[in-house]
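Colleague: Chain residues, written in single-letter form:
Protein chains: 2
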Amino acid sequence: MSAAKQRQQNLDALMQPTSVAIVGASDDVVRISGRPLRYLKESGFKGAILPVNPRRDVVQGLKSYPSIAALPEVPDVAMLAVAAHLVPESVRACAALGVKAVVIFSSGFAETSIEGARAQREMQQIARASGMRLLGPNCLGLFNSALGFYGTFASALDLGFPEAGGVAVASQSGAYGAHVAYLAQQRGMGVRYFVSTGNEADVEIGEVLLWLARDPDVRVIIAYAEGLRDSRTFIEALRIAHERRIPIVMMKVGRSARGAGAIDSHTAALAGEDAVYEALFREYGVHRALTTDEQIDVAYACARGVYPRTRKLGIVTVSGGVGIQSCDAAERYGLDVSPMPASAQAALKALLPYAAVENPVDVTAQALVDMSVLTTSLATMLQAGDYEALLGVFLTVPASRPFAVPLREAIAKAAQDHRDRLIVLCMVADADIVRSYEAMGFLVYEDAYRAVAAIAALTAVRESYDRGLGPKLAVQSAAPIGMRELSEHDAKNLLVEAGVPLLPERLVRTAAEAASAANALGYPVVLKIVSPQIAHKTEVGGVLLGLENAAAVESGYEIVMQRARAAAPGARIDGVLVARMAPAGVDTIVGVHRDATFGPVVMFGLGGIFVEVLKDVTFRLAPFDEMQARGMIRQIAGYALLDGARGMARADVDALAQVLARVSQFAASHAEDIESIDINPLRVLPEGRGVVALDALIVPRRADANPSSG
Amino acid sequence: MSAAKQRQQNLDALMQPTSVAIVGASDDVVRISGRPLRYLKESGFKGAILPVNPRRDVVQGLKSYPSIAALPEVPDVAMLAVAAHLVPESVRACAALGVKAVVIFSSGFAETSIEGARAQREMQQIARASGMRLLGPNCLGLFNSALGFYGTFASALDLGFPEAGGVAVASQSGAYGAHVAYLAQQRGMGVRYFVSTGNEADVEIGEVLLWLARDPDVRVIIAYAEGLRDSRTFIEALRIAHERRIPIVMMKVGRSARGAGAIDSHTAALAGEDAVYEALFREYGVHRALTTDEQIDVAYACARGVYPRTRKLGIVTVSGGVGIQSCDAAERYGLDVSPMPASAQAALKALLPYAAVENPVDVTAQALVDMSVLTTSLATMLQAGDYEALLGVFLTVPASRPFAVPLREAIAKAAQDHRDRLIVLCMVADADIVRSYEAMGFLVYEDAYRAVAAIAALTAVRESYDRGLGPKLAVQSAAPIGMRELSEHDAKNLLVEAGVPLLPERLVRTAAEAASAANALGYPVVLKIVSPQIAHKTEVGGVLLGLENAAAVESGYEIVMQRARAAAPGARIDGVLVARMAPAGVDTIVGVHRDATFGPVVMFGLGGIFVEVLKDVTFRLAPFDEMQARGMIRQIAGYALLDGARGMARADVDALAQVLARVSQFAASHAEDIESIDINPLRVLPEGRGVVALDALIVPRRADANPSSG
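Chains as they are written, first to last, in the numbering used here: chain A, 1 to 710; chain B, 1 to 710.
Be aware that a few hints might be false.
[As the list claims (entries may be wrong)] Which stretches of chain A does chain B cover? Using the computed rule of at least three CB atoms under 8 Å from a CB of chain B, they are:
hint, stretch
1, 153–165
2, 574–585
[What the hints assert, rightly or not] Straight-line Cα separation of at most 25 Å, SDA-like style, residue types lysine to any residue; simulated pairs:
hint, chain 1, residue 1, chain 2, residue 2
3, A, K615, B, G607
4, A, K537, B, A637
5, B, K615, A, D616
6, B, K615, A, P402
7, B, K537, A, A649
8, B, K615, A, R630
9, B, K41, A, D616
10, A, K537, B, A649
11, A, K615, B, Q635
12, B, K615, A, D643
13, B, K349, A, R118
14, A, K615, B, A637
15, A, K537, B, G644
16, B, K537, A, D616
17, B, K615, A, G608
18, B, K615, A, K537
19, A, K615, B, R118
20, B, K349, A, E115
21, B, K312, A, L290
22, A, K413, B, A275
23, A, K615, B, G644
24, A, K349, B, I589
25, A, K615, B, I589
Honestly, the hints are just simulated from the structure, not real lab data. Every residue, glycine too, gets a C-beta built ideally from N, C-alpha and C.
For reference, chain A alone in the conformation it holds in the complex:
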């Protein structure tokens, strides 16, 4: 068996063990070393439970063994609940015995000291050499509630074991993961898997997500991450989850500078730039949750498994006010509260003469006197209104027990012929009443705004599935550009080869050559100094614009040469570029930088104040195709300027998309040897006339920036 396959099978064993050892097992059922054993006993785990404790024969009523080597069988999983300095020795013993996976609760490793980091690396090497998997250290463990396997000391389990529903929780932070799993449980969701990865000496969050995305019982994944080491497996997990239509609702913290700083000291993981995560999540339809509430709200909605096919939202309300609030929320989240067809409105008006019947339909208190009115209103909206999602606002009505059952039945009757529609209720009631509504297939939220936000999130997930991921582009291999500095001319030549259009220009080395080049290109022309040591030509006066004739070009040549020599004495000067003045258009910026986690990332934005003051830019991982580039272009706030705002001609967005895609593919081919690319401005001409790069800079990757090659 290959090592990779071995590691995969051992990961399976970690997630679904048939026998479990607890090293350092304690009789004290409150301590970290006592709790997992108690949970395993109480939850009815069917496999062998093997305590290891040299000082006792029996722990919590089970026969205990003096050492790992003395175990009567080789367990699938060994949990290590021992002091940090004893952990490496236990890991070695487990590997020697052939244990498939160990879970290390102990802290005091890479997160605390250099010695700790050394011990962690040592354990990592044992794991790599043996194929044994290693969860942690400094983690809260994992559970698989369907098997009653609790390899964790999460104290929230004292409040009850979760049901084995379709929800999985994967978290780098144990405390947060346990918190969100508990909240999910409280919200009535069945949490089947919980995995906390801690310091990630071996098993990383990406691999866990990939495993969960492939599991047939998982319907939605709640994830939490601070940073990634292995971005490839993570992206693969997003791809598989997208293919299998398993939504991921993810909290990625560290957006803020302060938060990112805290990450560094916390897990020592590499935090990729936040905007890159944002781009990645958008691409793969991952719902990024900012708050825990949002994460629970959206996961709860996803667990229902009904994803509206359109953005049309119907609203039935007992309160005009909350109806309006819901409309405001719909606008904010991009849902469409379009009116019902006139005939349906007329039918409802006959039934509810005093009510608003357009959408929202305000059924008023009358519907509560005669519940059949409510049923008819809801059924009319579903049938004639054809709303894919229906929000019913009932506030505290079902909290009154005399109303709870008739209201539920009235809604259920309207919904019975529309099982494919999403029915969401805004209501407040005791938990047992809420559960009885959920059992009929309705989603229940207390807050109308949050209900609308969740509906919009489901719609976005559906749209992401419908859109698909686009082709997985093969990266063309390219000859490395080397580590030398590149002049503008060199950079432009590379980009021209890559398919980026540039204005015709000539490199000249005398004033006379400059004039004859200008005569050939046509006036007016621009002159620019060319030197690898002068990156910012304008600042040294190395650029002259709008020269109208040969005499001006000749004297201009001397001027820029003098200025360059004065500003950068000793710099190598390759000559002067003569170029035709560019036609008018909209200036944009295309940039590439090498993200430490994800590799080359393409940035796009409008030029000038849009980038510098408003930061109106968007990102995407390279490579991508033209269709994906077009989506990227539409994301910027100033897109209207390209689309013919203010009476201007529509810009050539097709050509722009083509060039963006080409740059992304070029960047991907040079992932290892280009640090950054800056095409600024890339001028977009009116529709049908293409784009043209007016300036370009390529910074090669310096040898010292790549420790692995050093």
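We have chain A; now place chain B onto it with these hints.
Modeller: Chain B in isolation, oriented as in the chain A frame:
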């Protein structure tokens, strides 16, 4: 007694009655006509309770009277729970008897039909003539829980009466108001007053807010509105609340076009433009809540009454992950998670060798083993860190009952010497445990993000109090401009009088005059056609720029005159303006429009794409002073362009603020006769060089735009 004083006293009686009649009282304790009586009996209302029902002698065990006229005493308040067509007659009978206020539950008035609107107007006239106050119709009534006065049929009261704490709820929507009052109660807040105003035939939301803002027992007001009729009383309420430091947490719905449409059909109230509300709320420190959760969260925080003096936030956490999440939230909401002083860090590091101690302080699981570590950590942050607000992240720890009391005591011990600080906990536990923490003065939130948002809201309230409201500017009376159309020249003259600097310019009527004016002003100059019928001069070719000498000016004069005559035959042409070309600067726009609800509103923004594509503008009600104008200028996203971004000179923001304030005062003086003002562009020159208006348009208010004068 004056009529106004009478109405005021009768409003007092409505809010604090000593005797109550229920007209149409029923034995059925579930019906609208039976519930208020039941609530009054069960709540122990001390005053007289007088059922009126011609068909019964006894209702719910109380003696009933056959008619309003037959009542043995004149009640302070009469609730009308009768069919819509019987309401006007009852209102008349109440007024005849001298009842101080009536509450009308019935619907079927202005919200449903023209006849209903007529009946409502009739009742309104009875109320105005008699001084009797009228709440509703189509409302859910009101309550005053301190008196046990329940003049409402809100079914949520079946679940228990609220405690008479410091929270007041005022809502145009009865259903929403009752919903939010119930949620406030569930969150442990004591709701003292609840008032729903329904159709507002007499008592409006502004008057209710004003009453509540003056009440000595109210500490925070939760408000809900869809639109306003009487904006003056509303603004007065905001002012009094601000002076008395009673925060208002307000939901104003109808931001979206669809929502505003629903308002029209719902209450027929006038919806002011949303941005104007936004400006007003900012000015008066009103917290605008978008969601019900947010409204409850912030009101709950305000009820505690501790408002941090600075934006510094300290964080102590048992989860590194949620610590990072809290940093992200702090950045989003503008709080400052600055590190502890080095000495304090060193002290904590000795105690927590494995923990992050900068801020957030990650106490890890160790603090739960030895709670004194937690106490020391918290006390150090409060003392040495000097954080005005401290967030403690404990997640599910206190949910485990063995931890709940020791954890609470450990926090309380740290806090005991810092009663003036705000201590907010992020935790999940059963309600009784949460209440025991709150009893120690701690605020409790389940979600860290929401906790941080609430802390930021408290800080903003404090900042608004510290900033003050600025002077209440007296509006200068001004001679009306009349209803005639104004040419650019007339408009500019008016603005020059108001103190808006304009470029020196002359109105000329011949080519020769034009040339001599240009000679006097200096070159280059601009020519512009002047005609009251030609508003958009550029479009007809009526503007020529950059004329360099007398000959160009003379021929230019003929050109613009010809173009104007061709484009607008028969238009009155007053001549041509000759002006010096403006110096370079940043172009801004200053506009004024007359909001239907609030009167003149000033808009400010940067010119060009900033206004047209990015809608980067800000609003403020006129009049205001220079300091307030400066605040307004800083609100736009593109402010950096005025503040010296991209290496440009800093613009003359002082001069800009002065002109904005002058325009606002001019607009306020002409509130009744100017419809709109458009100064576009107002060019802001480099610091110390002032501003200059390059173009200006004033549209007088047309007679037919003012129904009350027609």
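Colleague: With a cut-off of 25 Å on the C-alpha distance, tell me whether K615/B and P402/A pass.
Modeller: violated, 51 Å
Colleague: Hey, K615/B versus R630/A, does the alpha-carbon distance stay inside 25 Å?
Modeller: Judged against 25 Å, a Cα distance of about 24 Å means the pair holds.
Colleague: K615/B and K537/A were given as a pair; does the straight-line alpha-carbon distance stay at or below 25 Å?
Modeller: violated, 35 Å
Colleague: Run the distance test for K349/B versus E115/A: straight-line Cα separation, threshold 25 Å.
Modeller: holds, 18 Å
Colleague: With a cut-off of 25 Å on the C-alpha distance, tell me whether K41/B and D616/A pass.
Modeller: violated, 62 Å
Colleague: Checking one constraint from the list: CA of K615/A to CA of Q635/B, max 25 Å. Satisfied?
Modeller: Satisfied, since the Cα-Cα distance of roughly 17 Å is no more than 25 Å.
Colleague: Quick one: see if chain B covers the stretch 574–585 of chain A, three-plus residues with Cβ-Cβ under 8 Å.
Modeller: violated (count 0)
Colleague: Next pair to validate is K349/B with R118/A; report whether the Cα-Cα distance is within 25 Å.
Modeller: Roughly 22 Å between the alpha carbons, so the hint for K349/B and R118/A holds.
Colleague: Would you check the hint for K537/A and A649/B, treating anything up to 25 Å between C-alpha atoms as holding?
Modeller: holds, 22 Å
Colleague: Check, residue by residue, whether the stretch 153–165 of chain A contains three or more positions whose beta-carbon lies closer than 8 Å to a beta-carbon of chain B, and give the verdict.
Modeller: It holds, with 4 qualifying residues against the three required.
Colleague: Does K615/A pair with G644/B here, judged by a C-alpha cut-off of 25 Å?
Modeller: holds, 16 Å
Colleague: For a C-alpha distance cap of 25 Å, please report whether K537/A and G644/B respect it.
Modeller: Distance of about 22 Å is within 25 Å: holds.
Against the hints set out earlier in the document, violations occur for numbers 2, 4, 6, 9, 16, 18, 19, 22 and 24.
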